[in-house]
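2 protein chains.
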Amino acid sequence: MGLKSLPPRRELLAAALGFVGKSRRLILSRRRRGLSVMRKADQTLVTDADVAAERLLRSEIGKRFPEHGIVGEELPGVNLSSEFQWIIDPIDGTLSFARGIPLYGTIIALHHRGRPLLGVIDHPALGECYSAAAGLGAWVNRRRLRLQDLPSGRPVEDEILATGDRAHFGRCGRERLFDLLILGHPQVRSYADCFGHTLAASGAAGAMVDYGVRLWDVAATEVLIQEAGGRYVLAERIEKPKSGSFYGVVFGKPRVVDWILKLFALSKPPPASP
Amino acid sequence: MGLKSLPPRRELLAAALGFVGKSRRLILSRRRRGLSVMRKADQTLVTDADVAAERLLRSEIGKRFPEHGIVGEELPGVNLSSEFQWIIDPIDGTLSFARGIPLYGTIIALHHRGRPLLGVIDHPALGECYSAAAGLGAWVNRRRLRLQDLPSGRPVEDEILATGDRAHFGRCGRERLFDLLILGHPQVRSYADCFGHTLAASGAAGAMVDYGVRLWDVAATEVLIQEAGGRYVLAERIEKPKSGSFYGVVFGKPRVVDWILKLFALSKPPPASP
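Heads up: the protein sequence lines correspond to chains A and B, in order. Straight run, no breaks: the first sequence in the numbering used here ends on number 923. Straight run, no breaks: the second sequence in the numbering used here ends on number 923.
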């Protein structure tokens with residue numbers, strides 16, 4: 650099944666937004682009635698709502714696109730040899746979700762041969778849904794996102810830089826980059842998980858640096874940032890035996906991204922050890 | 650005018666919630682129609698909405714309690730010799746507000762001879778209003794807050810610690826404490842400003858450490874945390890010539906607050922030898 654036999658991207662995006670609308674209602678209703686929280690083998694958290702939302706998304710995708718592959722955080726992949734892969738994280742920021750911090754989100758993306766066609770990050774508790782499709786633009790709810798680059802006279806120091814948790818940088822031995830940011834810039838805030846991603850897409854943060862993240866954490870971000878007018882850089886991909894790939898990404902306003910990459914280059918990290 | 654001639658605390662709290670309801674509508678409407686953002690002499694930001702909200706709050710307080718004092722972030726104090734002082738920060742987190750990050754809030758507190766009678770932190774964009782009055786309890790909207798201390802078997806490492814920006818710690822030369830937290834605990838997040846305060850009040854964060862803050866930034870927090878069942882510690886008060894008092898505060902679940910204070914005490918540089 651090739652790209653040409655797919656429905657147009659606008660229809661695919663509408664389908665993805667429909668899936669996310671259903672998971673949003675499920676997540677908000679589970680949150681209201683109380684959660685059961687468990688710890689996974691890798692010590693991260695999962696709730697019954699994570700698993701229920703992923704099952705719902707998989708069922709919706711499977712009904713509409715039965716031949717497509719699905720990769721999700723909480724359950725095994727299906728149709729992994731398909732050219733089309735839906736990549737989903739039903740609740741990104743489960744720690745926030747479980748604690749009642751409203752900054753979690755649902756991530757859903759469709760990739761064709763590894764290239765993103767569309768991406769959605771939905772924040773159920775904030776009532777904000779970010780979406781983009783390659784070549785069509787990016788939106789928050791119905792408002793078009795048009796990221797303005799930092800004007801050349803404005804100092805990068807005026808911008809907020811978002812990062813993931815320092816412990817996430819530690820998953821691939823890159824705590825030093827976190828410390829470098831903290832010491833090198835006056836306004837670094839750990840707006841972890843997809844909340845930082847959407848702050849960068851809207852321009853509220855000048856850029857985000859996220860390290861030690863997995864495929865499903867970043868699957869929607871590249872197309873969202875690029876369609877908004879920003880720059881997305883895969884800075885590192887680190888393979889760890891048994892646990893797989895961890896990514897280091899920098900994205901946001903082009904001048905701010907450049908500034909961060911220069912800061913990192915000047916500090917010359919040693920080559921990654923497995 | 651003494652404490653006994655005041656209306657009961659429940660009525661005072663209802664009055665404060667009424668004031669905040671009006672400022673909330675003003676702030677949300679200004680946010681929608683666009684802001685003009687200026688930089689103050691101390692290089693922090695102020696918007697036309699900050700000033701308009703403070704004028705509105707002052708006018709409401711002045712109509713209802715004409716003899717009371719009012720101290721606010723953006724305008725000069727009035728009736729400063731009164732035993733009763735309203736302390737207001739119309740928009741705490743102006744940087745977030747100006748950038749479209751929904752985590753800012755309005756702070757309003759009433760102190761009697763320096764002791765807090767009531768405190769309100771309202772998050773207009775989140776639809777969450779935190780309030781407390783001494784002896785009466787604490788609430789978020791209409792839900793009573795009852796902070797559970799960390800059970801003695803549970804490691805402090807499982808809790809999220811909130812902090813202000815590292816640059817705020819720098820206002821009183823305490824960057825080292827920020828760095829100590831970051832290195833000493835795996836889940837430190839810079840949930841700056843009053844959003845971190847309300848996360849600590851709800852128990853979503855185990856505790857918050859906020860340094861380099863002013864009176865109006867913390868005026869509502871002590872009563873809110875204590876009435877929720879938590880511990881509030883004024884760790885430092887630093888006088889700076891010309892700019893006045895800066896505070897360092899630690900608050901949240903008692904066991905987590907103790908853990909932080911011990912971490913800070915252990916790190917105290919030894920006294921200079923003669």
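Misleading hints may appear alongside valid ones.
It does not matter which identical chain is meant; a pair holds if it fits inside one copy or across any two.
With a straight-line cut-off of 25 Å between C-alpha atoms, the simulated SDA-like cross-links for lysine to any residue are [as the list claims (entries may be wrong)]:
| hint | residue 1 | residue 2 |
| --- | --- | --- |
| 1 | Lys911 | Arg793 |
| 2 | Lys689 | Arg803 |
| 3 | Lys891 | Pro835 |
| 4 | Lys911 | Leu775 |
| 5 | Lys671 | Leu775 |
| 6 | Lys891 | Phe714 |
| 7 | Lys671 | Trp865 |
| 8 | Lys689 | Glu806 |
| 9 | Lys889 | Leu661 |
| 10 | Lys689 | Pro804 |
| 11 | Lys891 | Ser916 |
| 12 | Lys889 | Leu832 |
| 13 | Lys671 | Asp828 |
| 14 | Lys891 | Gly670 |
| 15 | Lys671 | Pro804 |
| 16 | Lys891 | Gly786 |
| 17 | Lys889 | Gly802 |
| 18 | Lys689 | Gln875 |
| 19 | Lys891 | Asp828 |
| 20 | Lys891 | Gly711 |
| 21 | Lys891 | Leu775 |
| 22 | Lys689 | Pro835 |
| 23 | Lys889 | Gln836 |
| 24 | Lys671 | Ala774 |
| 25 | Lys891 | Trp865 |
| 26 | Lys689 | Gly786 |
| 27 | Lys671 | Cys821 |
The hints are simulated quantities; they were obtained by calculation from the structure and are not laboratory data.
Results of checking the hints against the structure:
| no. | hint | result |
| --- | --- | --- |
| 1 | Lys911 x Arg793 | neither (30 Å within a copy, 49 Å between copies) |
| 2 | Lys689 x Arg803 | between (45 Å within a copy, 17 Å between copies) |
| 3 | Lys891 x Pro835 | between (38 Å within a copy, 23 Å between copies) |
| 4 | Lys911 x Leu775 | neither (34 Å within a copy, 36 Å between copies) |
| 5 | Lys671 x Leu775 | both (16 Å within a copy, 22 Å between copies) |
| 6 | Lys891 x Phe714 | neither (31 Å within a copy, 67 Å between copies) |
| 7 | Lys671 x Trp865 | within (19 Å within a copy, 42 Å between copies) |
| 8 | Lys689 x Glu806 | between (39 Å within a copy, 16 Å between copies) |
| 9 | Lys889 x Leu661 | neither (34 Å within a copy, 59 Å between copies) |
| 10 | Lys689 x Pro804 | between (43 Å within a copy, 17 Å between copies) |
| 11 | Lys891 x Ser916 | neither (30 Å within a copy, 38 Å between copies) |
| 12 | Lys889 x Leu832 | between (28 Å within a copy, 24 Å between copies) |
| 13 | Lys671 x Asp828 | neither (40 Å within a copy, 42 Å between copies) |
| 14 | Lys891 x Gly670 | neither (34 Å within a copy, 54 Å between copies) |
| 15 | Lys671 x Pro804 | neither (42 Å within a copy, 36 Å between copies) |
| 16 | Lys891 x Gly786 | neither (37 Å within a copy, 50 Å between copies) |
| 17 | Lys889 x Gly802 | neither (42 Å within a copy, 32 Å between copies) |
| 18 | Lys689 x Gln875 | neither (33 Å within a copy, 34 Å between copies) |
| 19 | Lys891 x Asp828 | neither (28 Å within a copy, 32 Å between copies) |
| 20 | Lys891 x Gly711 | neither (28 Å within a copy, 66 Å between copies) |
| 21 | Lys891 x Leu775 | neither (36 Å within a copy, 41 Å between copies) |
| 22 | Lys689 x Pro835 | between (35 Å within a copy, 17 Å between copies) |
| 23 | Lys889 x Gln836 | between (32 Å within a copy, 22 Å between copies) |
| 24 | Lys671 x Ala774 | both (14 Å within a copy, 24 Å between copies) |
| 25 | Lys891 x Trp865 | within (17 Å within a copy, 51 Å between copies) |
| 26 | Lys689 x Gly786 | neither (37 Å within a copy, 37 Å between copies) |
| 27 | Lys671 x Cys821 | neither (35 Å within a copy, 49 Å between copies) |
The structure shown violates the earlier hints numbered 1, 4, 6, 9, 11, 13, 14, 15, 16, 17, 18, 19, 20, 21, 26 and 27.
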